[in-house]
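Protein sequence lines correspond, in order, to chains A and B. Under our numbering, think of the first position of the first sequence as 1, with each following residue one higher. Under our numbering, think of the first position of the second sequence as 1001, with each following residue one higher.
Simulated from the structure, these hints should not be mistaken for laboratory data. It is possible that some hints are incorrect.
What the hints assert, rightly or not - Capping the alpha-carbon separation at 30 Å, the derived lysine-lysine pairs in BS3-like fashion look like this:
| id | chain 1 | residue 1 | chain 2 | residue 2 |
| --- | --- | --- | --- | --- |
| 1 | A | Lys47 | B | Lys1059 |
| 2 | B | Lys1059 | B | Lys1161 |
| 3 | A | Lys10 | A | Lys100 |
| 4 | B | Lys1071 | B | Lys1188 |
| 5 | B | Lys1071 | A | Lys47 |
| 6 | A | Lys47 | A | Lys10 |
What the hints assert, rightly or not - To give a feel for the contact side, a few chain A residues facing chain B, derived at Cβ under 7 Å:
| id | residue |
| --- | --- |
| 7 | Pro23 |
| 8 | Pro26 |
| 9 | Glu92 |
| 10 | Ser140 |
| 11 | Phe141 |
We put the CB at the ideal spot given by N, CA and C, even for glycine.
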Amino acid sequence: MNTPTPIVTKEQIWTALDEVPDPELPVVSLIELGIVRSVEVVESAVKVTITPTFSGCPAYEVMAAQIEERVNQLGIAQIEVRVNHDPPWTSEWITDSARKKLKAVGLVPPPRHSGDFIQVLIDPVPCPHCDSQNTTLQNSFGTTPCRMIYTCNNCLEPFELFKPL
Amino acid sequence: MANVLADYLIALADDELILGHRVSEWCGHAPILEEDIAFANIALDEIGHARLWLELAAKELGEDPSTFPDKQAFFRSPADYRNLPLAELPNGDWAFSMLRQYLFDSFELARLEALNQSTHTGLSELAAKIRTEELYHLRHTQAWVLRLAQGTEESQQRSQKALNALWPHAQQFSSPLPAEEELNNEKKVPSSSELFSPWVSHQSDFFDEIGLALPPQTNSIDADRFTHTEHLTELLSDMQEVARLVPEGRW
Chain A
1 MNTPTPIVTK EQIWTALDEV PDPELPVVSL IELGIVRSVE VVESAVKVTI TPTFSGCPAY
61 EVMAAQIEER VNQLGIAQIE VRVNHDPPWT SEWITDSARK KLKAVGLVPP PRHSGDFIQV
121 LIDPVPCPHC DSQNTTLQNS FGTTPCRMIY TCNNCLEPFE LFKPL
Chain B
1001 MANVLADYLI ALADDELILG HRVSEWCGHA PILEEDIAFA NIALDEIGHA RLWLELAAKE
1061 LGEDPSTFPD KQAFFRSPAD YRNLPLAELP NGDWAFSMLR QYLFDSFELA RLEALNQSTH
1121 TGLSELAAKI RTEELYHLRH TQAWVLRLAQ GTEESQQRSQ KALNALWPHA QQFSSPLPAE
1181 EELNNEKKVP SSSELFSPWV SHQSDFFDEI GLALPPQTNS IDADRFTHTE HLTELLSDMQ
1241 EVARLVPEGR W
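Isolated chain A (complex conformation) (with noise of 0.2 Å):
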């Protein structure tokens, strides 16, 4: 007996994705911020696994909505996003590509660190509009549960970091 040939390949659905904005930072997609981690077809249906950002992080309802309904428009009713904490998400997982379009729009991406998050924390963080070292942290917590907010004291400009998770 044949296997059925799926109606979509793997390929397709994660160029699809690459399309789902992020529901706060729409600049960058859901599979940059790395949170699509991965896809199964079967047939037709389709079962993808994210993992999300910040626990408290009200878009990640959204999140799961939007690629339903992304799946939905290739003509595929039997879709399945499924959530998995391990390994949990990390800033790591940020493509180069989002970290380009982060800085482009004034946040900083988050500093690259193997582990020990808290400890590139100690480095400047530069100013995303001037270049300058010269910053100011004013809060660990920002506008959303992943940013944290700056001062620059060479251009005089707010500016937010994406935190290092």
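We have chain A already, so just place chain B on it with the hints.
Same frame as chain A, but now just chain B:
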């Protein structure tokens, strides 16, 4: 259906939920805008952590993880809550709220590090996840406790008063959570009393360093995880009001 792990998880979740709700009461009232934002974020994290623990409890109980957290949060009476009284106390002044958050976060981090070693996979995975966010809380609250203790005469006095009031409550961190002994035998969870001793000696050094004195004698607290203060009733009547008015309401 009885499930010992679910009993334990619900108590962990209740600490987070009740403290998270208290902290959220600062939203719109904190002394400066930055701190308003900070406490609102901390509240969001704690409530998010409560939800993660309750989702895991739901799986243990064979309940639906998408509806179980709300059912637990909005449709239980005060007598069924298992949080520590420390979490339900009214916010008091800024020093009190900040110190309570610091004490809670620092002990929670010790517990999360131990839970990360749990033989129960679901538990160790969530502990690892929640720990990363708690590190941000501790960094923030510790800096503020230090700043208030060493700030002005008034901030020092308020900090000392807060420590005198909170320290007896903090002794209850050493009390076992529901089902802890049985789960500890299976190496699923740490013993609270074993975590407590190193925590106390660390805190004694910290408070000594920043110039606050631990109260010499700690009065015993009438309430515990099973017998709450009247403050919980008041908190829940506020938190549960809308959900109980329209139980099937959808946003």
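*asked:* Run through the hints listed earlier and report the numbers of any the structure violates, in increasing order.
replied: 2, 7, 8 and 9
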